[in-house]
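Participant: Protein chains in written order, with the numbering used here: chain A, 180 to 1068; chain B, 23 to 356.
Rather than coming from a laboratory, the hints here were simulated on the basis of the structure. Since the structure is predicted, the reported quantities are computational estimates derived from the model, not experimental observations. We treat Cβ as the ideally placed atom computed from N, Cα and C, and that holds for glycine. Be aware that one or more of the hints could be misleading.
Claimed, not checked - Partial list, derived from the structure: chain A residues whose beta carbon lies under 7 Å from chain B:
id : residue
1  : Glu642
2  : Phe693
3  : Val742
4  : Glu888
5  : Ala985
6  : Gly988
7  : Gln1042
8  : Tyr1045
9  : Glu1049
What the hints assert, rightly or not - Which bits of chain A does chain B cover? Going by a derived footprint, with three or more residues having C-beta under 8 Å, they are:
id : stretch
10 : 678 to 687
11 : 889 to 899
12 : 974 to 984
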Amino acid sequence: MRLPVVVAVVLALLGGSAAAQDGARRDEQPAPPPAKKPVLTRPPELVQGAAPEYPPAAAAAGLEAAVKVRLTIDATGAVTDAVVVAPVGNGFDEAAVAAARQYRFRPAEWDGVPGPITVETTIHFKLEKVEAPVERPAPAPAARQSAPGHAGDARKPVTIEGRALERGVRRRLAGVIVSVSELGLDAVTDEEGRFYFHGVPPGKYTLVAVDEKFDRFRRSLELAAGEKIDVTLYLRPVGGNPYETVVEGEREVLEVTRRTLDRRQMTTVPGTFGDPIRVIQTLPGVARTPFGGGFLLIRGSNPDDSGVFIDGHRVPLLFHFLGGPSILNPEFLERIDLYPGGFPARFGRAHGGIVSVETRSAKSDGVHGSADVDLLDSGAYLRFPVGEHAALAVAGRRSYIDKLLPFVLPEEKPGQTLIVVPIYYDYQARFDYDAGREGKATLFLIGSGDTLDVLSEDSDAEETLSLNSAIRFLRIIGTYKRPVMRGFDLTLSPAWGRDSVTFAASQSDAATAFTSLGIRQDTLAYRMRLEGKLVKNVLLDAGLDLESRVTRYTIRAALDFDVRTDGDRNEPVTSTSRATDMYGYAAHADLAIDLGRARLIPGIRFDGYLLDGKPRYSLDPRLVLRYALDDHWTAKGYIGLFHQPPQPEALDEQFGNPDLGLEWAVHTGLGGEWKPTKLWTADAEVYYIDRNDLVEFTQDATVDPMTGELDPVNFRNSRIGDTVGLEVLLRREVTRNLYGWLSYTLSRTRELEFDDSGYELSTFDQTHVGNAVASYKFNNGWELGARYRYATGRPSTPIVGGTFDADDGDFRTVSGGFRTARRKAFQQTDVRVEKTWVFDTWMMGAYLDIQNLFNVENVEATQYDYRKRESAPVTSVPFLPVLGVRGQW
Amino acid sequence: MVRRALVWLALLAGACNTDFEDPSIVLDLRVLGMRADPPEIVAPVDPEDPTDVDLADIPPVEVCALVAEPDRHRGAHYRMRLCPPTGGGRCEGADEGVDEQSVFELTEADVDDPDLLGAQGMCATIEPSADLVVVVQQSVRADDLAGFGGIGVQVDLAVTPDGGSEEDTVWAFKRVRYSPQLPAERVANTNPTLAGITGARDASGERDRDFEIPLGRCGDVTPFLVAPGERITMLPREAEGAREDYVLPTFDGGERHYTENLTYQWHATAGEWSRFDTGGPIDAVGNDPPLDSRWRAPHDADEIGDGLDVRMWIVQRDERGGQAWYESCAHVVP
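Bound-form chain A, shown alone (with noise of 0.2 Å):
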């Protein structure tokens, strides 16, 4: 015998936009202009719904059906319309109809308010064969319907009772709809994914979970008089665990150019070893770096022109020494964004790119956590709630390269010793609390370190060496963040940090360093952010950006700057301890003006700084302007000046020049931006940087006129340069099997230094850099992606000999011209392959990762030979696999 099930999807949301205000389709609306966007920052849930009865009629003929419903949803949840799309006959479009009219939802909030939207839903009516038939009490009364979650007569205990989770991660599942088919009762699980059934009477059952997302799951059950039966429903995603493809609303455009990886795609491109600051570099505007280092090159700046935000403040670097993996666990991570060039006036203080990294809460339905382990270093995540309205996440990654290495090193000759130990690891804790209408705070700690000891001795060459390295960081940020009145949010930001680099070397057996350096660096930060809407067609992004960073170096070494350097004389071991200060203020407004169908953002920022005690000032206005030709066409263009002080130790009195400038740049930029459907987007910008007044180190020196005394200049602002160049991205949107993208970087960077002839091609300039990558995810389980890179090679001096030096005993190189040649083009092709394991309570995979696949030989840099006569390339990573696995729950 068939019965009639009938299973209703979850919802599909249109997306938010500001004609959902009025419950029209926005594809319906009249031709834009593209009014302003209120961001939807919470999407409807159906907290009540009601199954539709079968036609009759067609239950008899074995007909089923699929109705799509289009509901208008007010702000108070209820459903003000329902309109079936596409009709399908039979007398299913009224049943659908009725039932969803039936439905109720906790409302949709657009920017932290509730209100209406616009929603399509899918009423299945299928036609199941049961094994026995039961007796079925009559339905509930609709008066004596139950609370949220509930279902069956609420005057009767409940007998049956559960939980709908998602398999692996066991996240509760709001809104699934729960059946116990053979009653004709239906429940829909509340926000902790619980469910309940009053009155069951004793009886075999099948429950039947039904959600759009998670393939249907049905689970029987046996209930004894007077039991009361608990259960859990492990739901599985619809073809395996797809890539999440949670539809956000679209957030406010406040700069010109701006590339997103979110967290879904940055844990699987293949090379970067499911680390996705790494992936940055795949974007067009990002350079290639040598040796696969870890920092940014972004349009042609040099890496001390580019600053990298996470959650607002300033970090000194991204990766681990040397280019290891990132600082930060994947977990942490929400969205990167990259501004190449162009970006708000909420940043600043450099006149390159900005990579901004936003971190996830730590809110959370239960414990859960992941763990990492692989050929370099394991780590491990944890997350869990705290109270009812405060959690916290934990995390740590350890190297253990340092146990592998005496396996890889040469064997030791007798009398030789060599202990080489290098070292990383990173940790983070991030608490947050939801004090509700108060607003939320979060407190993020986050800290690595890199070191590198040395051990040498030998007996036979009668020189030992003790070496020792660190770089370490720590920051602390606490972040408060509440609406304000008018629709204003307010962001309230301190932050704490502290960086050091340490290096000292000795005799093995000396109780202290001969040589020595050590720098620290004591930031102090606070920001205050003001965002929302100012008026109806304008939007307000201001603020205040205050820090303080003290810089103190210590050096010990055999060293006198007083005399002329030729020679290697034995100079006396001297201590040197120096301190530089910056003292930085700021303030900061964006507008978002919308007129018709352009946008204008206006941005104003004025810094202040006390450098060393010396005032300087800078007021860096920019322009944005975004036109929407159409509603898949969009023409942008952008101009504006961007200042940065000179690095810390070039402002030193004794080694530096306290007397530098503020160096500044100003970008401008025509492109357009073509988006044909929802999951394709081509981007294209054409760019030109004129960066002034930078840093370069000289010998020159000046005379006393009084007393003659030499006075080295060290550092002066006398260097300038320039970027051209074209970016081309095309990109596939992440949904639930694949993502993927194309870039291209056409560009020249040149430089022009004091005294120069002309200009020279900067060390990092590369012509041409171009980026695919892909990743497809199979239903079951099995995932591969791809990325090919290509680099033109960076400029280089040819070495057309060598002049024997006879005081020296050396040979001085003979250079062709400056930068004339250029090293052999970099191209790689990366693969990865995972495989997940999904259980109820948790997940596990496994992967292969393998960079260089077909082991080109890529040079990043030559040797010569002693008399500058023969060379031997020096060559990246060859064919590299290395093996992961990683389990969550």
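On the provided structure of chain A, position chain B as indicated by the hints.
Facilitator: Below, chain B without anything else, positioned relative to chain A:
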């Protein structure tokens, strides 16, 4: 700050071992040293105008080169020039952007007898002349520190073996220092000297049977005999006073006193050295670099044949341009 340091460390970290030639083994025509006599001229000058030089205070300087040709089967053509310092050590381009001539030829000659190559020495003399004055003045003007503490004028040397092309030419250069007498007690550098070189035969890792290394060319001196693969540790014995004390001016008008370091470079036509460079200042970790180097005789029977003469050169340098060299000869007995 941190990122800039990491950029350069990343670029340097890729150095790998290669099969390049050992610089201590001389396989073809090479310049191993250039000596100026005297290596430095200290002259009284007007501090207000250090380019105003009185030629009467400037003696002639003879510059000679040590050229090694292992096989001694061909002569060579050589040329020396005087010019202001250049980055690559060759006088090409030294007069670019300058109105007056500042590259002057000192000598150009042939050494026809291959047996004389290296023995005769390739020499030239820098006479106190108007040409020298021009070069000194140009050097001071081009110097970032305007000649503070003294300036080095450059003598470059190009040696082309007979029958060779421009590609076979070997290049070398030396800086001859002309310094003002500041502070007043400053005296000119002199070339270092050696009392001799002690050889010690290593037997089972222990030194015994010290002997004096004979100094002279193969054919002119009785070589010391070695067995195939035998190790000889050579230790230079410095003459008394070889490490001179000297004084330099500081930028703030003061002075610094130093004692010279002496360095040694070891060369041979066969075998291998444990250290190519010895001596010098304390290194960056506090080690006092040893002076000696251990030479291991060749042990390949084909190479040794009926007996092999191995030529050796030891070049001694101080940190102020002073230089001396010594030649020796070993005979490997099969």
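Participant: Evaluate each hint against the coordinates.
Facilitator: Tested hints:
1. Glu642: 5 Å, holds
2. Phe693: Check passed: Cβ of A/Phe693 comes within 4 Å of chain B, closer than 7 Å.
3. Val742: At 5 Å from the nearest chain B Cβ, A/Val742 passes the 7 Å test, so the hint holds.
4. Glu888: Holds, about 5 Å.
5. Ala985: 3 Å, holds
6. Gly988: 5 Å, holds
7. Gln1042: For A/Gln1042, the interface hint holds, since the closest Cβ of chain B sits about 6 Å away, which is under 7 Å.
8. Tyr1045: 4 Å, holds
9. Glu1049: At about 6 Å, which falls below the 7 Å cut-off, the nearest Cβ of chain B leaves the hint on A/Glu1049 intact, so it holds.
10. 678 to 687: Our answer is that it holds, as 5 residues pass the Cβ test (under 8 Å) against chain B, meeting three.
11. 889 to 899: holds (count 3)
12. 974 to 984: holds (count 5)
The earlier numbered hints are all upheld by this structure, with none contradicted.
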